[in-house]
Amino acid sequence: MSAIEQVSRPYAASFVQFARNRREVLCLSADLTNSVEIDEFKKAYPDRFISCGLSEQAMMGVAGGLAREGLLPYVHTFAVFVTRRPYDQVAMSIAYPNLRVHLMGFLPGLTTPGGVTHQAIDDIALMRVLPNMTVVDCGDATDVESVLDATEDVDGPVYCRILRGRVPRLFREPLELGRARVLESGDDLCLFTSSVCTGEAMPAVAALRAKGLSIGHVHVSTLKPFTDPAVLEAVGAARRGVISLENHLVTGGLGSSLAELMAEQAIGHRLVRMGLHDTYAHGGSLPYLLEYYGLSAQHVVDAVERLTGERFGIELERAAENEGQSSTEKAEAL
Amino acid sequence: MSVQATKRDVDRVAAGIRRRVLLHTIENNGGYLCQACSSAETLATLFLRVMHLGPSAGPLIPREFDGVPGPGRSAGSGGAYNGERGPDNDRFLLSCTHYSLGLYAALIEVGRLDERALDHYDRDGSTVEQIGAEHSPGIEVTTGSLAQALSIGLGIALARQERGERGRVWVYMSDGELQEGQTWEALSLGAHHGLDHLGVYLDANGSQCDGPISAVQEVEPIAERVRCFGWRVHEVDGHDSDALAAPASEPSHGKPLFVIARTCSWRGIPSLEARANKHYVRFRPGEAELALSELHLSAEGARS
Chain A
1 MSAIEQVSRP
11 YAASFVQFAR
21 NRREVLCLSA
31 DLTNSVEIDE
41 FKKAYPDRFI
51 SCGLSEQAMM
61 GVAGGLAREG
71 LLPYVHTFAV
81 FVTRRPYDQV
91 AMSIAYPNLR
101 VHLMGFLPGL
111 TTPGGVTHQA
121 IDDIALMRVL
131 PNMTVVDCGD
141 ATDVESVLDA
151 TEDVDGPVYC
161 RILRGRVPRL
171 FREPLELGRA
181 RVLESGDDLC
191 LFTSSVCTGE
201 AMPAVAALRA
211 KGLSIGHVHV
221 STLKPFTDPA
231 VLEAVGAARR
241 GVISLENHLV
251 TGGLGSSLAE
261 LMAEQAIGHR
271 LVRMGLHDTY
281 AHGGSLPYLL
291 EYYGLSAQHV
301 VDAVERLTGE
311 RFGIELERAA
321 ENEGQSSTEK
331 AEAL
Chain B
335 MSVQATKRDV
345 DRVAAGIRRR
355 VLLHTIENNG
365 GYLCQACSSA
375 ETLATLFLRV
385 MHLGPSAGPL
395 IPREFDGVPG
405 PGRSAGSGGA
415 YNGERGPDND
425 RFLLSCTHYS
435 LGLYAALIEV
445 GRLDERALDH
455 YDRDGSTVEQ
465 IGAEHSPGIE
475 VTTGSLAQAL
485 SIGLGIALAR
495 QERGERGRVW
505 VYMSDGELQE
515 GQTWEALSLG
525 AHHGLDHLGV
535 YLDANGSQCD
545 GPISAVQEVE
555 PIAERVRCFG
565 WRVHEVDGHD
575 SDALAAPASE
585 PSHGKPLFVI
595 ARTCSWRGIP
605 SLEARANKHY
615 VRFRPGEAEL
625 ALSELHLSAE
635 GARS
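Those sequence lines, one after another, are chains A and B. Each residue of the first sequence is one higher than the last, beginning at 1 in my numbering. Each residue of the second sequence is one higher than the last, beginning at 335 in my numbering.
Hints are supplied without guarantee of correctness; some may be wrong.
[Stated by the list, open to error] Simulated crosslink set (DSBU-like; lysine-lysine; CA at most 35 Å straight-line):
(1) B:589 <-> A:42
(2) A:43 <-> A:211
(3) A:43 <-> B:589
(4) A:224 <-> A:42
(5) B:589 <-> B:341
[What the hints assert, rightly or not] A few chain A residues facing chain B, derived, Cβ under 7 Å:
(6) 62
(7) 69
(8) 88
(9) 92
(10) 156
Honestly, the hints are just simulated from the structure, not real lab data. Note that beta-carbon positions come from the ideal geometry of N, C-alpha and C, so glycine has one too.
With the sequences and hints as input, model every part of the structure.
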């Protein structure tokens with residue numbers, strides 16, 4: 001397959017560009033400025049950079065207060081520290097009053113060698129259940145570059161999962177809020193993927209289609225609201241079953257969203273949810289972790305074979321395009 | 335605010351707060367009475383002598399509940415009772431929202447709520463909730479989950495600092511909230527950003543839900559601890575309005591202000607002292623009459 005473009009630190013430049021003519025945009029940091037790629041912003045607009053230190057709970061309140069004054073705070077830290085640690089503060093100081101605060105969560109799921117403390121495997125579930133919260137999960141460099149524009153006008157808080165470091169460019173068209181990307185259509189099966197799982201699964205889908213299986217592939221970036229008619233259509237068309245693959249627990253994220261949709265729409269197709277199954281993870285490289293926890297492209301082929309009862313004889317090489325996630329630009333690889 | 339207000343005015347309002355909350359506690363078969371007893375002079379001083387607020391922009395008769403914030407529905411309107419926003423106007427954030435009953439009584443006493451507003455308290459469909467949210471009279475931000483208001487106040491103060499506004503941001507909180515880690519995050523952050531137009535009044539009544547703070551988890555020495563975090567700290571008699579008001583007009587020296595109001599949870603109603611549960615008062619037969627007689631005497635004293 002052709003080489004996939006790798007984009008270095010797409011968020012850093014995008015955020016600077018986004019903020020250039022938007023004076024009300026503020027950048028809040030909780031000590032991880034370089035690690036969450038807001039160092040360029042700090043250099044460009046030091047007067048709009050608010051250092052909060054390692055005080056995530058207070059930072060959420062500060063963001064709420066700033067938003068109440070008509071400013072547009074963008075809160076940056078690792079996804080675990082956006083969601084788990086200050087959860088009550090996000091719920092009460094930001095989500096309840098429906099304030100326009102953007103919560104930018106880095107190192108989603110298994111995209112860090114930092115181990116269990118740094119791996120946000122439940123963040124989508126936590127944010128999705130909060131009333132008023134919009135939830136977006138970026139899957140490539142284009143998603144990262146366009147998510148700021150796509151979510152700018154949301155009347156309420158937005159949680160964005162951001163990829164950092166070297167990020168593959170899979171898509172040309174910018175992300176549209178509430179719109180999934182239908183990468184392939186098919187009427188046997190449909191695979192729904194999000195985050196880095198989309199790039200991971202692409203070779204599997206290509207190989208399966210080459211073997212004659214009519215498998216669709218849909219990349220989902222907007223987890224909430226989960227109302228895209230294209231998703232419903234793809235689910236309905238997949239008469240032999242639906243597979244979800246997510247960089248997250250199978251509970252509370254993409255797989256759960258599909259299950260709810262299918263149950264409510266009375267679509268009686270099989271659903272196989274791939275992701276972390278009621279387990280925490282551990283430190284390691286992304287390819288290793290995807291393999292270890294059963295989220296690799298080869299595991300997609302296995303799931304398809306179990307679902308269809310057919311053997312396709314596909315042996316995939318380990319994809320290399322995800323390795324950029326463990327940033328080589330940093331002294332500390334976390 | 336009225337610059338002419340005196341200690342006597344404050345004492346009259348404070349007596350009214352205690353009287354209204356006691357009567358309501360009796361009628362309602364329970365209430366946050368001890369909090370009203372400890373906070374009465376501080377709330378009255380804030381409204382009469384410290385805060386620069388415009389006239390209330392909220393209706394005298396509290397609104398009925400008409401929905402929570404959401405898309406197309408902005409945050410609540412409880413802050414309207416503290417006047418229109420303006421660059422020179424102060425802001426008031428109640429952190430310990432279980433003090434709502436005392437605050438509602440204070441709003442009545444200073445003419446920002448109707449005499450009968452407490453009739454709406456804890457009634458289904460009313461905004462006059464036990465633990466107020468930002469649709470409740472006088473409640474600008476939703477802070478029933480303790481220790482969040484100071485951080486929100488920081489954000490508001492940062493924005494106002496950036497705009498060069500003269501108005502100040504006041505946060506009223508209780509000493510139990512010093513047990514929450516977020517309080518110390520916010521204290522550190524407020525000093526770091528030099529938010530000298532941010533001020534805290536702390537109701538140091540030494541009491542929390544489980545009992546005396548000294549038995550549950552000690553927070554002393556408050557003054558030394560907060561001073562170490564870079565705030566200007568004043569420790570005053572929380573039932574003396576002159577002492578309460580004085581720190582607000584001291585020069586800031588680039589530091590946020592923290593006033594520790596040393597208060598008593600049974601102030602004005604001495605029979606409350608013997609109660610094990612001071613967090614929520616529910617009278618047994620005979621107790622209410624004693625409390626009424628105590629307060630009557632005390633209230634008369636405040637009028638003289």
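Verification of the supplied hints:
no.	hint	result
1	B:589 <-> A:42	25 Å, holds
2	A:43 <-> A:211	52 Å, violated
3	A:43 <-> B:589	27 Å, holds
4	A:224 <-> A:42	30 Å, holds
5	B:589 <-> B:341	27 Å, holds
6	62	4 Å, holds
7	69	3 Å, holds
8	88	5 Å, holds
9	92	5 Å, holds
10	156	6 Å, holds
Going down the numbered hints, you'll see the structure goes against just number 2.
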